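> Use the sequences and the hints to build the structure in full.
Sequence lines, in order, name chains A and B. Reminder that position 27 of the first sequence reads as 27 in UniProt numbering, one-by-one numbering, no gaps. Reminder that position 993 of the second sequence reads as 993 in UniProt numbering, one-by-one numbering, no gaps.
One thing to keep in mind: the hints can contain errors.
[As the list claims (entries may be wrong)] Straight line, CA to CA, 27 Å or less: simulated DSS-like cross-link-like pairs of lysine-lysine: (1) B:22 x A:26; (2) A:45 x B:370; (3) A:109 x B:31.
Honestly, the hints are just simulated from the structure, not real lab data. Here the structure is a predicted model, which is why all the values come from computation and not from measurement.
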Amino acid sequence: MIHFVLLISRQGKVRLTKWYSPYTQKERTKVIRELSGMILSRGPKLCNFLEWRGLKVVYKRYASLYFCMCVDTDDNELETLEIIHHFVEILDRYFGNVCELDLIFNFHKAYYILDEVLIAGELQETSKKSVARVIAAQDTLIEHAKEQSSSLSNIIAQATK
Amino acid sequence: MALSGMRGLSVFISDVRNCQNKEQERVRVDKELANIRTRFKNERGLSVYEKKKYVWKILYIYMLGYDVDFGHMETMALISAPKYAEKQVGYIVTSCLLNENHNFLQLVINTVRNDIVGRNETFRCLALTMVGNIGGREFSESLAPDVQKLLMSSSCRPIVRKKAALCMLRLYRKNPDVVNTDGWPECMAHLLNERDLGVLIAVMSLLVALVANTPEAYWNCVPKCVQILERLTRGQDVPQDYTYYGIPSPWLQVKTMRVLQYFPSIEDPSIRKSLLNVLQTILLRTDVVKNINKNNASHAVLFEALSLVMHLDAEKDLMSQCIVLLGKFVCVREPNIRYLGLENMTRMLLVADVVDTIRKYQAQIIASLKDPDNSIRRRSLDLLYAMCDVSNAKNIVEELLQYLTTADFGIREELALKAAILSEKFAPDLSWYVDAVLRLIDKAGDFVSDDIWYRVVQVVTNNDDLQAYAAEKARNYLDKPAVHETMVKVSGYLLGEYSHLLARRPGCSSKEIFHIIKEKISAVTTVTKAILLSACVKVLMHCQPPNQELFEQATATFRRYENSVDAEVQQRAVEFLALSRNGLAMVDIMAEMPKFPERQSALLKKAVDTDGDAPEVSATKLRLQQQNSMALVVADRRPPNGDLHLLSVTEAGASNQYPKHAAVAESQASEVPHSSQSQVHSNGATQQHASGTPHGDLLGDLIGTLAIDAPPAEPTTGPSDSQALEAPPKSPAISAASADSLALVVLDAAPTQVQPLKSVSEWFRELSVKDSGVLYEDPYVQIGLKAEWRNAQGRMVLFFGNKFTAPLRNVRGSVLSPPHIRTRSAVVPETIPPRAQVQVPVDVACIGASRETAVLDFSYNVEYTPVKVQLKLPTLLNKFLQIAPVSANEFVAWWRALGGPPSKIQEVVRGVRPMPLTDMADLFIRLHVGVLPGLDPNVNNIVAATTFYSGTAATLCLVRVETDPLDRTQMRLTVASEVPNTTYELKELMKEQLVDIPSLAQPSRTSASSLAAMGLTAPAAALAGLI
Chain A
1 MIHFVLLISR QGKVRLTKWY SPYTQKERTK VIRELSGMIL SRGPKLCNFL EWRGLKVVYK
61 RYASLYFCMC VDTDDNELET LEIIHHFVEI LDRYFGNVCE LDLIFNFHKA YYILDEVLIA
121 GELQETSKKS VARVIAAQDT LIEHAKEQSS SLSNIIAQAT K
Chain B
1 MALSGMRGLS VFISDVRNCQ NKEQERVRVD KELANIRTRF KNERGLSVYE KKKYVWKILY
61 IYMLGYDVDF GHMETMALIS APKYAEKQVG YIVTSCLLNE NHNFLQLVIN TVRNDIVGRN
121 ETFRCLALTM VGNIGGREFS ESLAPDVQKL LMSSSCRPIV RKKAALCMLR LYRKNPDVVN
181 TDGWPECMAH LLNERDLGVL IAVMSLLVAL VANTPEAYWN CVPKCVQILE RLTRGQDVPQ
241 DYTYYGIPSP WLQVKTMRVL QYFPSIEDPS IRKSLLNVLQ TILLRTDVVK NINKNNASHA
301 VLFEALSLVM HLDAEKDLMS QCIVLLGKFV CVREPNIRYL GLENMTRMLL VADVVDTIRK
361 YQAQIIASLK DPDNSIRRRS LDLLYAMCDV SNAKNIVEEL LQYLTTADFG IREELALKAA
421 ILSEKFAPDL SWYVDAVLRL IDKAGDFVSD DIWYRVVQVV TNNDDLQAYA AEKARNYLDK
481 PAVHETMVKV SGYLLGEYSH LLARRPGCSS KEIFHIIKEK ISAVTTVTKA ILLSACVKVL
541 MHCQPPNQEL FEQATATFRR YENSVDAEVQ QRAVEFLALS RNGLAMVDIM AEMPKFPERQ
601 SALLKKAVDT DGDAPEVSAT KLRLQQQNSM ALVVADRRPP NGDLHLLSVT EAGASNQYPK
661 HAAVAESQAS EVPHSSQSQV HSNGATQQHA SGTPHGDLLG DLIGTLAIDA PPAEPTTGPS
721 DSQALEAPPK SPAISAASAD SLALVVLDAA PTQVQPLKSV SEWFRELSVK DSGVLYEDPY
781 VQIGLKAEWR NAQGRMVLFF GNKFTAPLRN VRGSVLSPPH IRTRSAVVPE TIPPRAQVQV
841 PVDVACIGAS RETAVLDFSY NVEYTPVKVQ LKLPTLLNKF LQIAPVSANE FVAWWRALGG
901 PPSKIQEVVR GVRPMPLTDM ADLFIRLHVG VLPGLDPNVN NIVAATTFYS GTAATLCLVR
961 VETDPLDRTQ MRLTVASEVP NTTYELKELM KEQLVDIPSL AQPSRTSASS LAAMGLTAPA
1021 AALAGLI
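Written as structure tokens, this is what we have:
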């Protein structure tokens, strides 16, 4: 299973973290510090796998962002590597040519997109279309709620004038 | 895409981004946290929009790595909001901020359950996602049946069902005992007919977890899985959505093959045949293509197929195809594929006899040892280690030694250990072994653990024809100007024992040898000094005929250390000085070390441990481990020549000398920086042993010699057995594969999962009437208590025993005392070494009577899991009582004098534990309340007297108990003393001891937690609750 997902920028800034195994806050900080040190210092033409504390970290760099997933040693590394790519493709489709800034300012969207791709550290959906559909539906629901509330506040505003 | 409408959030994010440095960022974040905190406090004024905004901000701040210790409630409150937009925020942020060990989660279980069983599909999805991501026992207990219903329901849409499947997986994987799996095999087989591939992949993940636990129950799923695999490889019936770069759902293919690897073997000929056909197709048609993603995906499938082929122990031609493929992979330039090629080749070696084929690639594998990529070098090292045998040992060890000088520090220790093991295990002749290890020590002394040089000494001692050779080598190394300390130790030792065998050779006279040793003695640590002193005295002894000059030099050396600050060195110097004056009599005392009992090298044990550090064990992995340990035993028994045989006899006796954890930690040391501490520690421990006796540099081995008389260790005990023997005690939560216990602790053990072995309150009860016993015990630690009481003073000694094979870290223990008791305790050391016990004395003085007791606030860490308990210490009132000899007249006089309340209190006590009067009298005496027999004319009554000491005061207390012979559960208790408070407290204490305490009947878990909860407020509350 995937124990956690990390998105780290080249400067070592955390852009997204998701933990599927119970780590305390202290451990989380420690893991991030340790791993970002190890991953950022690796050269460009090396393999995408890193053995770490009896686990394996599969990572890939996309532009300025490192996507990392930590799996068990006997998990299929290439499969995990393609889960990362799958996630990136979905982000790309959603944001339209996704860049780091999109993820910074819409980190909450990244979270709920991730929730449609992974649950409990396992791959949930491999069809990009299907994920896109669900997310679009969610967006509509939220927009809808917003319109409602704004119209409501309009009415109140009108009434109290 | 702009952030839809949340301006405040965007502004905050930009602000943080614009911060020039970490300090500014912190200031900005702190300001925001303060703002959110005040806004949350006046919650009334918060609009829905603001609530959402602040909760997102909290998540953002948390993600940046700042501690956020509030807002959890507000976040969870959003979960119960009626609107989707709020619910979504609540669910997502909760699942990011909290983990399964947070108690808050219990508060939302009901809401979550309502969402799961409710009709709103989107709410269902949110709830399932969060439960799947957090998991936890409470969720498993209360939600598993509902989730299962959704999974099986035909009316639910795929989106709900796939989430339900993964949610179920989470609930089951962590707590399989809670989830009722009756009837699941049929359901799973039914679910495998699913046409929606999204659901199917989720179901397949669930099946992996189920099969990993109980493969035999799910045989009915095997044909289905093979069918799915056939369908996928043919590309039949796979919607376009589910192909990935033209490959039909590679993930599903991989998962399905993973499921099949958990079944011991597939016997049904037709199923096996179709499966092998599928695998054959995959092996043949996978080709390297230009598109990197397509390449990765197809190779992911290919590598999974390879492991399945290995697992099935397939026909020879299929296996040889695999080897050809792997051979290709270890030679390619693409690093990922080469990495996986090396990894899988190592696995292959362990399941099949393919060494000869793989040897063809030795050159390429060695080339990978010099790859710039650390990950690849490590794989290559492992493979070389696995493929080494007598025929290529010289070559491989040579390569490893060469590589040592350039290897990065992270890997050196492992490299040194492996080189040492290989050179011992596959030495073509013993002199080569000595050469290789001495070279190893010379090149990488810092990374050579003591075990390695101990082993050299053992081998040399046990082989007479090797001794002269080894001594000569040692002489040559020691003669060099700059020598590593470890080399000084081993050379010094060898020269002391065997240099006399060289006496005729040039440059090897006793005098010259002595000179060489003496040169080094001033510049080394005390441990080494001690070894060298022993060597000196032995050289002196062997010098025949005695040489006056040498004698004088030697005595001068001993004199120099006669006043050494180190007790060990000093003792040796003084003793050797005295002995050397005895001349020939010394020969008997300074005899040559006897042969060591034949034993397995401690290094091999380390190697076995190294293989067992993965957190989760798949069937393949388990199989590999078994195979691996068998491989070692087989190798041990194989005596290619007579000499080799003695190097490899197994023995388990010395195991306690090398704590298992240290070994594991050491093998991981290259990855985990802090584990080098435990390495230091284990060495430290053996060194202490070593310096414990005048010339036993290897105390452990001396003990080993003695152990010959004891029942001999079974010579056939394989490494895996001995491991099982010393496996640490486990809590049920971590009783998985023994070799993996350490790693499991990291992931699984939650603070709540380390449970006391018995009821804490039961222990406390026992201690309240006894002066020694157990205060607390869990799988890792035992706290014993021994106390002495005298009047108002007392001294308790707490014994903290580490039962575990790893050191306990972050140990904290502090004694909190209530106002009426003064305590002074020594400091509890922060680390308790494995299997060690530390004593902490606590002085107690009583100032007044009260039911409150002192409390020991105790916490420690097992790996990364903090364990925290609060334990009441038995500083009860009765400890400060002393039986008072009172005559009948005195008693009656006092009794009368102490008229009525508050000096004399009477109470009818009900619910008394029924017991005969004699038992009750015994209980009184154990409470230090002296029974005065015959004083009361009624045989059903007891009168007793005692003195209570506090500060400098002593108060006489009188007690009368009137029992009803017809109803033993009630009685009348009267207590009298001059001090009303003492009267009251003594009455309460006695009542408490006589009444059945409800917590006795409760399971230990609740009492422990309630104790902890109460302990937080005041120790008094703990007792108040009981009364």
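> Does each hint fit the structure? Answer for all of them.
So, going through the hints one by one against the coordinates:
no.	hint	in the structure
1	B:22 x A:26	holds, 19 Å
2	A:45 x B:370	holds, 15 Å
3	A:109 x B:31	holds, 25 Å
When the structure is compared with the earlier hints, no violation turns up for any of them.
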